[in-house]
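Using the sequences and the hints, build the whole thing.
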Amino acid sequence: KNEVEQSPQNLTAQEGEFITINCSYSVGISALHWLQQHPGGGIVSLFMLSSGKKKHGRLIATINIQEKHSSLHITASHPRDSAVYICAVSLPTGNQFYFGTGTSLTVIP
Amino acid sequence: DAGITQSPRHKVTETGTPVTLRCHQTENHRYMYWYRQDPGHGLRLIHYSYGVKDTDKGEVSDGYSVSRSKTEDFLLTLESATSSQTSVYFCAISEQVTDTQYFGPGTRLTVL
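Residue numbers (our numbering), protein chains in the order written: chain F, 366 to 474; chain A, 297 to 408.
Just to be clear, a hint being listed does not mean it is correct.
To be verified - Covered stretches of chain A, as calculated for chain F (at least 3 residues, CB under 8 Å):
1) 332-345
2) 392-403
As the list claims (entries may be wrong) - Cβ pair distances, simulated, as ranges:
3) F:Ile425 <-> A:His337: 24 to 32 Å
4) F:Pro474 <-> A:Gly347: 44 to 52 Å
5) A:Gln392 <-> F:Ser391: 22 to 30 Å
6) F:Asn367 <-> A:Ser380: 33 to 41 Å
7) F:Pro404 <-> A:Thr301: 18 to 26 Å
8) A:Ser379 <-> F:Asn429: 36 to 44 Å
Because the hints were derived from the structure by calculation, they are not lab data. For every residue, glycine included, the Cβ atom is placed at its ideal position computed from N, Cα and C.
Below is the structure:
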């Protein structure tokens with residue numbers, strides 16, 4: 366059983382398109398995290414949020430606690446956005462993180 | 297970028313040999329983690345540390361041990377490597393338990 370599910374698993378977009386990646390989780394959380402992993406493996410934290418919405422440049426992350434759902438949006442996508450995007454949740458009790466298996470995004474020029 | 301390094305970055309070893317991976321941080325963060333990443337699985341927690349000499353098991357701890365004798369170093373040891381431990385290993389750090397984690401560059405381990 367996966368505590369964190371992401372969709373889609375793979376996504377191909379044309380440069381300039383608006384992109385949405387979804388994350389659903391089944392446990393009570395203290396926060397939800399969006400991570401980016403580029404080819405070559407490095408993992409970078411994009412957002413940590415526990416309610417509402419956060420924006421950084423062309424990236425927007427939203428969370429609906431009642432529905433246990435989060436979305437990551439990329440506006441005006443660019444080939445450099447090509448990466449794997451990973452959703453993770455941290456639990457309020459104990460030191461537990463659960464990770465989704467990632468969404469592989471390819472943006473074509 | 298958070299100051300986290302991992303060594304070695306790549307290692308090929310044989311079944312049954314001991315292997316130690318090192319994670320070093322310069323951020324003075326309290327929490328340190330070891331994860332493995334495999335195709336079809338998300339990152340999975342192996343062990344974590346909440347202070348010097350304070351460690352606990354994660355989801356997939358069998359076959360692994362850890363040690364933290366200094367704030368800046370967290371060692372992961374495979375006492376007798378098996379082919380199922382072929383994976384990419386990531387170290388991460390955080391200031392508080394639910395804070396953003398900062399990841400090291402990863403170590404690709406192949407056990408033949």
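| request: Any hints from earlier that this structure breaks? Give me their numbers in increasing order, please. | output: 6
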